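Q: With the sequences and hints as input, model every part of the structure.
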Amino acid sequence: MRATSARRVAVAPDTQPSAMVADLRQRIAALETLPTPELRTAWLAAWGVAAPKAARRRLLMLGIAWRWQAEALGGFRPETARRLAALEKAARRDAGIAAGDIAAAARPRPGARLIRDWGGTRHEVRATHDGYLWRGRSFGSLSAVAKAITGSNRNGPAFFGLRGVKGEEG
Numbered sequence: 007m008r009a010t011s012a013r014r015v016a017v018a019p020d021t022q023p024s025a026m027v028a029d030l031r032q033r034i035a036a037l038e039t040l041p042t043p044e045l046r047t048a049w050l051a052a053w054g055v056a057a058p059k060a061a062r063r064r065l066l067m068l069g070i071a072w073r074w075q076a077e078a079l080g081g082f083r084p085e086t087a088r089r090l091a092a093l094e095k096a097a098r099r100d101a102g103i104a105a106g107d108i109a110a111a112a113r114p115r116p117g118a119r120l121i122r123d124w125g126g127t128r129h130e131v132r133a134t135h136d137g138y139l140w141r142g143r144s145f146g147s148l149s150a151v152a153k154a155i156t157g158s159n160r161n162g163p164a165f166f167g168l169r170g171v172k173g174e175e176g
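The sequence shown begins at 7 in our numbering and counts up one residue at a time.
Read the hints as simulated data drawn from the structure, not as lab findings. No experiment lies behind these values; they were computed from the predicted model shown. It is possible that some hints are incorrect.
Distance ranges between label pairs, derived from CB positions [to be verified]:
#1 Ala154 / Pro84: 49 to 59 Å
#2 Arg98 / Pro58: 20 to 30 Å
#3 Phe82 / Thr42: 25 to 35 Å
Virtual Cβ for every residue (Gly too), placed ideally from N, Cα, C.
A: So, in structure tokens, the structure goes:
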């Protein structure tokens, strides 16, 4: 499905635009004239959270317009909303992710051994319930362990092969 212009409101062909829809169209059209900082403020008002830092004008306008349309015209049909919620729940369950704990799913389970050869030495790290253990020292993150091993800041999960490194395929 192709994204529609932020200036248009989807109205069923057999439905006459009401004053509410006409007002909504005007509000959406006015987004074009707002400078980006004001669009970010409008996003915050519409969504209740700050806009993504990298969001460009077009995304800000589309996101605000979608939210306004959903509020004015009812958003998703109830069966669509239920289906989306069920899909999200199933995806979290299948990935072993408790609601709101996405970061925890990326961590190795307690007892897991991570092995990395670096500088001619084999380094073994054990995952614990509250972090990682390397050479008898506790660390709160794999990145802290990787820094202790290499002496420089590193992406810990990538260093230990748990995540792809920029430039790698796959």
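Q: Please name the hints from earlier in the document that this structure breaks, with their numbers sorted from lowest to highest.
A: Violated: none.
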